[in-house]
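All chains, full assembly: derive it from the sequences and hints.
Residue numbers (my numbering), protein chains in the order written: chain A, 1 to 486; chain B, 487 to 966.
Treat the hints with care, since some could be wrong.
[Said to hold, decoys possible] Covered, in the sense of this in silico footprint (three residues per stretch, anywhere, with C-beta under 8 Å from a C-beta of chain B), are these stretches of chain A:
(1) 47–59
(2) 110–120
(3) 166–179
[Claimed, not checked] Cβ-Cβ distance ranges computed for the label pairs, FRET-style:
(4) A:Arg245 with B:Thr530: 39 to 45 Å
(5) B:Lys618 with A:Asn399: 18 to 24 Å
(6) B:Gly964 with A:Arg325: 54 to 60 Å
(7) B:Pro727 with A:Ser13: 22 to 28 Å
(8) B:Lys904 with A:Trp23: 32 to 38 Å
(9) B:Gly778 with A:Glu475: 53 to 59 Å
(10) A:Glu475 with B:Lys618: 27 to 33 Å
(11) B:Pro707 with A:Thr476: 39 to 45 Å
Honestly, the hints are just simulated from the structure, not real lab data.
Here the structure is a predicted model, which is why all the values come from computation and not from measurement.
Ideal Cβ positions, reconstructed from N, Cα and C, are used throughout, including at glycine.
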Amino acid sequence: MSECALKKVTTHSPEEVERVKDWINTEEYKEKNFARTALVINPAHACQPLGAQMVATSFEGSLPFVHGSQGCASYFRSTFTRHFREPAAATCDAMTEDGAVFGGQNNLFEGLENAYTLYKPKMMPVYTTCMPEVIGDDLTAFIRNAKQKGHVPEDLPIPYANTPSFNGTHIHGYDAMLNSILQYLTEGQKIEGKCTGKLNLIPGFDGNTGNIREYKRILEAMEIPYTVMADTSEVFDTPCDGTYRLYPGGTRIEDAAESINGKATISLQKYSTANTMKWIEEAYSGQKLVMPMPFGIKKTDEFLMKLSELFGKPIPKELKAERGRAVDAMTDAHQYLHGKKFAVAGDPDYLFGIVTFLLEMGAIPHHVLCSRATKKFQKEMQALLDSSPFGKGCAVYINKDLWHMRSLLVTDPVEGIIGDTHAKWAARDARIPLFRIGFPIIDRVNLHRTPVVGYQGAVNMLTMIANKFLDIKDETCTDQWFEMMR
Amino acid sequence: MSERKPIPGITKERTEKLIEETLAAMPDKARKKRAPHLGANEPTVSPCAVKSNKKVVPGVMSQRGCAYAGAKGVVWGPIRDMVHVSHGPIGCGVYSWGTRRNLMQGTPGVTSFPMDFTSDFQERDIVYGGDKKLETLLREADELFPLNKGLSILSECPVGLIGDDINAVAKKMEKELDKLVVPCNCEGFRGVSQSLGHHISNDSIRDHIIGKYEFAEEAGPYDVALIGDYNIGGDVWAAKPILEEIGLNVKSVWTGDGEVEKIAATHTVKLNLIHCYRSMNYMCKVMEEKWGIPWIEYNFFGPTKIEESLRAIAARFDETIQEKAEAVIARYKPVMQAVLDQYRPRLEGKTAMLFVGGLRPRHTVGAYEDLGIQITGSGYEFAHQDDYDRTAPEMAKDTIIYDDVSEFELEKFVEEFKPDLIGSGIKEKYVFQKSGIPFRQMHSWDYSGPYHGYEGFKIFARDIDMAINSPTWKLVKGPF
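Okay, here's the thing in structure tokens:
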């Protein structure tokens, strides 16, 4: 644009605006949209350190420590706080330009020392942002030096994970940090022949504290001793009783340390614990299993039967009754979901769970979208769809974002969308209700407290979805179709 | 405004002792670094003794963001008719997507773009560089969103570290697309806070935007621009009508609900009215030096400040405007009195502590005082010396002033001063609510708003009353 000729401020004509409004809902636009190679619009994933922070905060007395930029640390804390409506303590060593030039070792020294002195943590897991990853900071050496120079006590656990944002997503950061913490805490703890008799349950990246409580309730009902790793439920769902607790709970460090001698270890999220489980497979005693999240009836059955088998405990009457009530709810209400088409977006493990539930209800998971996933995921999801007549004609999209999903929704509509808050723009444009399941949910209250796993989770999802459909019917039907009963 | 009466129980000795005790918990080096940032207020001493705009002390849990946050979240993001590209890895764009509540008109994806556009850098982009990808990405964005009036490129940390040249790409693409394509080198590691992000954005607005357009209609004697209002919770929509009511013609807003061509044509207005001094005073100075446009600060929080500001603004114009301003003030007086009659009796004598970004810790003081609430502590995430100089006279003597306060420090101060309300950010909110202290998020108006102007004050008063007098606080302590 040349300096001298000033352009006039313009406005688009209403006709032009209308034309583009219509155009972005067309097949032609969809094709152009899907032809994108470089631009990502409205992705449904975040970066590695966010996932690392979820793990780092979920051990008792543990203070997450970001090695890198101050801004990143603030973003992670805000994101958790907005989702859980809870404090999300984490500190960082605030690297700036000079850190970028000279490396972040001095920042780490000073940061660890200040954080340890002020906040007295039992453990400080360190994870990185982009900046130290690009410049190649050597955390092994830095942390060793920090201890040698006396900035923090030698015996303070400081596990670390490399979590560059330009690689993987939040679920991979979860995996990396969990792997690192468990390796650190269990080192030298393995005792041949010793068995704690406990189950190690790894929930994976899960923004639903209700889910974690549900797992614990089930295990307690079955009288199975357990350690949840890492336990967010006491960290991100704390009482309001007049006292702020910097360290409100989480997995006890001692329990995590002895988890290596457990009777069994089960991960309920294959994709967010892949490396951790690979290592556990080699290092841990007892049985090691990766199971799908217990969404719906059958996956919950499998979970309970496996627990029963592993621990020789019968499935208690109360859980059997609960199953019966859930099935009762599902048969009672199947008509409101049967044959209804859905679009689903989210993290891989959640997607498997949600799709399982939909298929069980006779609903159709028409568009399944993951904004970062592998071909392997796509194949496995396709296999799940192929296992049911209701999966016929459904499509799986990987490495596509929510702007792609918008195109799918307007050209090939569905009746409901299941995803996190990010999907609300596409949902609004397509005028399709959004059922919020996943992370983050920053525009509705308390959904993270309502479990979506187990028998009770199936009832909760069913209730949320069926009643919304009924609300819509009541709100939109003409007078002659407005009825007392639905 | 005359100097405030001292607040009973707050003395210099008490405040200084509190600061000393708080600092005592820190290692030597941290204590030395933090000490100059905390102080007892001296309303009449200038410059204010509290130091600011220094690096965050590592490890202390600061609430600050980064230059990218200042550039994308504050300055560029609110311009509704541009496509703003978060250039780099996935995180920054996602975390800043829609989280500042800078509302905008338009049809999303057609004429407005409140979305997350990102290049989602992968390892190969770090190794080979992202410039080529950026070119392709800009073409794709322009094709898919043809009614955009321009594109901005906001660089994230790795982009600067690997030495990508977004400025060259922008120059090339501006020609190719025949649209404004503005590079903003706002990598998060630059500077010490969001503030540098504002400054870098202002530089790019100066170099790439301002003076490139002219308004289609002729200039008039009452043309003004609103500078530094980002339309959080609809603030602009509450402020603009008042200015129009007094006869001014608001030609453009920087940058809340902003339109880039109007921003580019601002150099022809008669007066710039600046709200958020911290983020935008530099632009007023640029326009003053280059185009001779005078500027004044104003404050639309609470009736007292609104009246003061309307008179000060009107004084820059002729009698017509002055008369209209008086008429507007007179018209709203009973409306505001009704609000005060409703809420002041319920709030009189309460105290509040504030800690927000770069404007509200001083600008909102008057609104609290209108409601009978005294401010016992105030401070900023990313203010500079001139902000503190403007804050000191707004605060009572010996109240506590804290710059870039850490969570540890703020907890101590709150414990000592026991305010009835804290006005601060999302990260602090639940820390204090768990302790049973009423809280309002004052970066985002806690999903409410607007708080500006006459309409805004009604909502502010309702929200403050709701926070302090919610019966839920009485349930915090159980009976057993």
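Taking the earlier hints as the rules, which of them does this structure contradict?
The structure conflicts with hints 6, 8, 10, 11, although it agrees with all the remaining ones.
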